[in-house]
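Student: Using the sequences and the hints given, assemble the complete structure.
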Amino acid sequence: MFDSDFGPDLIALLSREVLRERAGALIAEACAWSVGLSDHDHHLRVRGRVTATGLTLGARAVTGQLLSGEEDGRLELGDARPGSFQDALNAVTADGTLYAEHFDQEVVEPFVLATCVAAVERARATHPADWAELLDELGENGGDLVEVVRVGEWEAPLRIDAEHLVLAALGAVPLVEVEAEGLPLSLVRAAEAVTRAAAPAEVPEVGPAADELAGALFLAEAAIGTAGLPLPVPVSAADRLLDVLLAEGLLPEELPALLPHLPVEPSTAAEVRATIAALGQGA
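Reminder that position 101 of the sequence shown reads as 101 in the UniProt record's numbering, one-by-one numbering, no gaps.
What the hints contain is simulated information worked out from the structure, not anything from laboratory work. Hints may be right or wrong, so weigh each one.
With beta-carbon atoms standing in for the labels, derived distance ranges [claimed, not checked]: (1) 240 <-> 53: 23 to 33 Å; (2) 196 <-> 226: 10 to 20 Å; (3) 59 <-> 143: 31 to 41 Å; (4) 246 <-> 189: 43 to 53 Å; (5) 142 <-> 188: 28 to 38 Å; (6) 239 <-> 157: 15 to 25 Å; (7) 36 <-> 129: 21 to 31 Å; (8) 180 <-> 82: 32 to 42 Å.
The beta carbon of each residue, even a glycine, is placed where N, CA and C say it ideally should be.
Tutor: Structure below.
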């Protein structure tokens with residue numbers, strides 16, 4: 001994080017303020033994300049090898065058995081109550097990663113990014129002089145707020161705050177209860193995903209370039225379908241999405257105009273744009 005007498009400190013304070021205001025929404029998203037975990041096969045790492053135990057996470061949870069193992073887990077998630085949400089986060093998946101890693105990528109990271117963007121929007125509206133000076137210090141023009149957040153490096157510390165909020169609210173709660181609480185929102189999210197995936201993409205009219213954009217959009221949609229990416233593409237698959245589109249022969253400078261019309265989550269589109277900008281390959 002940049003050090004200054006006003007700017008980054010202001011954004012850090014506003015980010016925490018916005019996070020507190022959105023705490024309820026974060027907890028709701030965490031509950032919705034958990035829906036279905038009980039049906040996942042349970043795995044343990046034994047002598048370095050991930051092995052299925054023959055039970056589901058839910059079956060072990062209801063009998064009071066630990067879901068996490070001795071060879072895996074994060075220190076901050078240790079000493080969890082057996083069968084709790086925190087215990088489930090510390091459990092290993094079939095591919096050897098932790099559920100906590102997926103939770104971070106799919107819930108915490110996009111939520112924190114959106115929170116930081118809301119914070120810089122608030123700073124721009126309520127502290128215009130400080131905002132202008134901050135942009136000058138960061139070397140940004142303010143046109144891309146996601147990029148401002150990336151350069152300012154406000155996300156990492158806020159992720160820790162967000163994780164603490166979730167664990168304080170849900171850590172000791174039985175997994176099945178967290179799932180039950182999240183079911184209504186998870187159904188809403190699933191319906192939204194189906195609607196976005198089924199909706200025909202709208203190609204903006206940009207004069208002579210419209211046909212080229214339509215052709216590029218066709219190639220992009222075909223590439224996403226062939227790659228078998230989950231729809232809408234989550235932020236955790238942003239790098240994979242970019243690789244797929246570039247491999248299809250699409251030019252980096254074409255992608256920002258295509259992203260709003262592809263079946264991707266807003267945070268995924270923002271991540272791809274930020275990556276392209278960081279590589280100096282597009283706007």
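Student: None of the hints should be skipped; say for each whether it holds.
Tutor: To see whether the hints hold, each was checked on the structure:
1. As the Cβ distance of residue 240 to residue 53 is approximately 30 Å, the hint placing it in 23 to 33 Å holds.
2. For residue 196 and residue 226, the Cβ-Cβ distance of about 19 Å falls inside the hinted range of 10 to 20 Å, so the restraint holds.
3. Between residue 59 and residue 143 the beta carbons are some 52 Å apart, a value that contradicts the proposed interval 31 to 41 Å.
4. The hinted window of 43 to 53 Å between residue 246 and residue 189 is violated, with their beta carbons roughly 29 Å apart.
5. The supplied range of 28 to 38 Å is met by residue 142 and residue 188, whose beta-carbon atoms lie about 33 Å from each other.
6. Distance hint check for residue 239 and residue 157: the Cβ-Cβ separation is about 23 Å, which falls inside the suggested range of 15 to 25 Å.
7. Checked against the hint of 21 to 31 Å, the pair residue 36 and residue 129 fails, with Cβ atoms roughly 49 Å apart.
8. Between residue 180 and residue 82 the C-beta distance comes to about 18 Å, which lies outside the given range of 32 to 42 Å.
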